[in-house]
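Visitor: The primary structure of each chain is shown beneath.
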Amino acid sequence: MSENPTSGSQVSTDSPRKSNLNFRGLLAYRGTSTASAELLMAVCAFCGFFLVWYAIVAFGIVPERFLPFPDAVVKALWGMFATNNFIEDVGISITRVWGAFILSVIMAVPIGIWMGSYRVVGAIIEPIVDFIRYLPVPALVPLLIIWFGIGESSKVAVLWMGTFFQLVLLIADDSKRIPREYIEIGYTLGARPSQITKDIVFRSMMPNMVDNLRITLGWCWTWIIVAEIVASKSGIGHVIWSMRRFLKTPEIMAGILTVGVIGLVSDQIIRILARRIFRYL
Amino acid sequence: MSDTAPFVRVSGVSKIFDGDRAHGSIHVIDNVSMDIGTGEFVVYLGPSGCGKTTLMRIVGGLETATDGIVDLAGERVTGPDRHKGMVFQAYTSFPWLTVYENILFGTKYRTDINDTEKAEVSRHYLDLVGLGEFSEFFVNRISGGMRQRVAIARTLAAGPDILLMDEPFGALDAQTREFLQVQLLEISRIEKKAVIFVTHDVEEAVFLADRIFIFSARPATIVEEVPVKDTIPGRRTLETKETEEFFHLRNHVRNVMLAQTKAMEMIDVPTGDAE
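Line by line, the protein sequences are chains A and B.
For the record, in the first sequence the residue sitting at position 12 is 12 according to the numbering used here, with numbers rising by one throughout.
For the record, in the second sequence the residue sitting at position 55 is 1055 according to the numbering used here, with numbers rising by one throughout.
Because the hints were derived from the structure by calculation, they are not lab data.
Predicted model, so just to flag it, every value in this text is computed and none were measured.
Ideal placement from N, C-alpha and C gives every residue a C-beta, glycine not left out.
Treat the hints with care, as some may be off.
Have a look at the derived ranges for each label pair, beta carbon to beta carbon [said to hold, decoys possible]: (1) B:Lys1192 / A:Trp98: 57 to 67 Å; (2) A:Arg119 / B:Thr1237: 15 to 25 Å; (3) A:Asp173 / B:Asp1230: 48 to 58 Å; (4) A:Arg119 / B:Gly1024: 19 to 29 Å; (5) A:Arg177 / B:Asp1020: 21 to 31 Å.
Bound conformation, chain A alone (with noise of 0.2 Å):
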């Protein structure tokens, strides 16, 4: 056999001598780089924007009142988690969030691989759904409201609303984006059209759409905050909508922290299952 089994680009031949940290990979133009000078730099990035804040606070850039110091912001955290129930509202949230994404992922996972598998079903959908996509979300929260009241089901609606029709039409393209080969490979093999769609499109587009399914999570926290401020007795937006009234600023951007490292910690956990089931990248 006279080929090389890998090429030889994948193969990472690091030099003893080198430091496991690379900086001068981070620093070249589209240079290479470590995971743990990755993690580093992060961290770093951690650090400095808390140094920031905590020296506007601390030279009266701004007032106190309404930006408090980092460790205020901390210190609230732990009162709302320890006192005032905080982490039940947390809870409620992540159920709402969850629960809406996993309906909008199954409704649109199958409808969008239909409209990318047949013309027709994408030439009927594909316009009413470019239209409701262009609608403000917040705008349609009065009318959920009114349809469905200030219970769990208007929450629901509005995460739908605001992440259905983005996400049908990604995992459209995705499933259109598949090289004509691999299904023209499948009918030669003596597939099916069903066949062709679950054993071919459907495992090919798959990490794609893992990654557009991570996009969309992220929504719907923007749109789950909006829906518990507007309509709502329990939740993180509810909490944050509540403190306001009272000027507590800390409690105010606990919460709002509180949302970015659910959502960081969602979106890792996403990641690295990503990258158990698909090896192959």
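With chain A held as given, fit chain B onto it using these hints.
Guide: For chain B alone, kept in the frame of chain A given last:
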């Protein structure tokens, strides 16, 4: 081929692609007929974009002829199925599967054999293309030449009657290409399956073919049928390329091709005195 019943019969095939307002319709193939024998290795040669791939796709059922019919093993071709195996120029082995799993995928929709037999068939073709030791590799970890061998093995695993190959070695470097040409000849000798191989590479055509059909510029018609096997009989190796017969035949085919390419490009190419 003087067989009484040809394996593939193409009769009076024409193809016109319906155009839109911007492009108009394109006449791609004009009244082409040919017979291909059992186990025969046929090469379609012609200038790029002349319609030779379209003709092969019509034989494979992936494209329908505007006019004319194709019969394969006595049956009318109406659409694609596993009896007409395809290998493309683009890498079509699936990145989410390993080398072995890709080949096994070729047997996935077969109903004529059971799971044990499917595994046996896949192992057999894995070894035939010489990838045994790479069976657990994901296909994006192996070279382009290896990916094409996976594609060939996967197609063979489906148990096709004919192998349709659309410039399968077009994206490979010259050395890998030669290596795979020799391997393909071996495989077709062992498998005794009819092959239609599309290329615009004259040397590749002469080296592989029992018979070459040289096509004109669009709309494609058969300009010349070259019975390579009559001039170069027997098994071929890389040394075959050094022989006088090969040299003469190649020059002849090249000159026919050059005239067609000129017609396609509408430019004057100075002809060197090759013969």
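Visitor: Does each hint hold? Answer for all of them.
Guide: Hints, verified against the model:
no., hint, in the structure
1, B:Lys1192 / A:Trp98: 57 to 67 Å, "holds (58 Å)"
2, A:Arg119 / B:Thr1237: 15 to 25 Å, "violated (50 Å)"
3, A:Asp173 / B:Asp1230: 48 to 58 Å, "holds (53 Å)"
4, A:Arg119 / B:Gly1024: 19 to 29 Å, "holds (22 Å)"
5, A:Arg177 / B:Asp1020: 21 to 31 Å, "holds (23 Å)"
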